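Q: Residues per chain are reported as follows:
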Amino acid sequence: MTTYLGLGLILLATILLLAFTFIKRKVRPAFREIAALVHLRKAAGLAVEEGTRLHVSLGRGGLVTARGADSLAALALLRHVGGQNSISDRPPVSTSGDPLLSILSQDTLKSAYRSAGVEELYESTNGRLAGMTPFSYAAGAMSVNRQEQVSTEVLIGDFGPEVGLLTESNERENAALIGAASDPAAQSILFASTTEPLVGEEMFAMPAYIGDDSAQRASLQVQDILRWVIVAALLAASLLKLAGLI
Amino acid sequence: MKSTPLSAAIAIAVGLIILLGTFLPVPLLATVRFELLQWAMILLGVATLVGVGNLFSVHFKKIRRREKGAVNSLTLLVAMLAVLLIGVVTGPLHPWMQAAVEAVIIPVEASLMALLAVTLLYASIRLLRRRVDMMSIIFLGTAALMLLGSVFLPRIGAIPFLSDWIRPWLMYGPAAGGARGLIIGVALGALVTGLRALFALDRPYGGK
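Protein sequence lines, in the order shown, are assigned to chains A and B. First residue of the first sequence? That's 1 in this note's numbering, and the numbers climb one at a time after it. First residue of the second sequence? That's 1 in this note's numbering, and the numbers climb one at a time after it.
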């Protein structure tokens, strides 16, 4: 039963995602304002003007794990900010704690530069493997903040409690911080350490808010619809249980 | 990596096979899925070598340009090459390799973990300076109640009422409910993000 429910949910999500992505609509969907993402847009622009660096920390998780989607969302965001800041004197740097993710981050940055028409400015060392265990990753990413004139750090991806070390290093360097993670422990640390925290699924909304991609916008709408479906299912199940029918 | 329709088609096909193999009890799908996952593991091993090469080139460049932190980079490269050499010559089970793990890597990571405890305490104290609102007060209040409900005091032991009423209620009531809500939201986000990659609307494997 659970298998078929899961399959049904995936099928529904697929149909909605493809429909919202490819069917042209006259009115663009409006999304609520998220303070942290407004701040990120401004900070990305300021980094170019001031000649400082934007550091995107993609987390220490890989793609072949249960939290692989976090890394995919992080790569989507990297593509947007990489393209926007590619002409900066100090181009954005991404760090990751998984070798596969670091290769994909290099490829993502390269395609972002290509889209911006400045492929010749791309350097493969801007997509880095910082370390291969959670704490060695944190140590490696902290050194980027300290040594490379980082004015804004974006933490997005699969983080655990070690994210506390990154937020602390960021605070010491006086850099702006935008952080989002899916792990509840990392979320609570980010809540305590950032001025404008991003909670829960807001991490997956970041690429849609920063970029202008119809698939990203469609995915936000699909998430909203699925959330209402789940709320309705939970309420219906509770009522049926109360009535003694299940 | 040049993006081609063929690479997208292969990625979509492989993704669909893995997805269907997870849900449908078809032996052929399970076999193909297992084989593909084996390939992924081999590629992951190769990716590790490439990643280490990237780490080397980043730090080598820092040393060559005499950038800030070049001494740290030099230390890292010397240690990396030494461990690699010992590992290749003596094998991973040799006492020297065990010593590198047990006397260097584990203590350093444990120290960072200890540092994290202090860092988190400091972050909590600064929270009210950074953002004074109802949510911050509830967050800190809950954290304080949970900590007090977990401690054993000399002579008294666990704090009555707090440890047997307040703490379990917070843990299994509001905290568990909130965590489930967060996890459902994250799961939906992960599902849609995965589908975007599966149908090549996002292409982490070669750009768009």
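Where hints are given, some of them may not hold.
As the list claims (entries may be wrong) - Taking lysine to aspartate or glutamate and the EDC-like style, the derived pairs with C-alpha atoms no more than 20 Å apart in a straight line are:
no., chain 1, residue 1, chain 2, residue 2
1, B, Lys68, A, Asp213
2, A, Lys24, A, Glu202
3, A, Lys110, A, Glu123
4, B, Lys61, A, Asp213
5, B, Lys68, A, Asp224
6, B, Lys61, A, Asp89
In case anyone wonders, no lab produced these hints; they're calculated from the structure. Please read all numbers here as calculations on a predicted model, not as lab measurements.
Q: Next step is simple, just say for each hint if it's right about the structure.
A: Do the hints match the structure? See the list:
1. For the hint pairing B/Lys68 with A/Asp213, the CA-to-CA distance comes to about 38 Å; that exceeds 20 Å, so the pair is violated.
2. This hinted pair does not check out: A/Lys24 and A/Glu202 have alpha carbons roughly 25 Å apart, beyond 20 Å.
3. Restraint check for A/Lys110 and A/Glu123: satisfied, since their Cα atoms lie roughly 8 Å apart, inside the 20 Å limit.
4. Distance restraint check for B/Lys61 and A/Asp213: the Cα-Cα separation of roughly 36 Å exceeds the 20 Å cut-off, and the hinted pair is therefore not satisfied.
5. A distance of roughly 47 Å separates the Cα atoms of B/Lys68 and A/Asp224; the hinted pair therefore is violated under the 20 Å criterion.
6. At roughly 18 Å between alpha-carbon atoms, B/Lys61 and A/Asp89 fall within 20 Å of each other, so this suggested pair holds.
When held up to the earlier numbered hints, the structure conflicts with 1, 2, 4 and 5 and fits the remainder.
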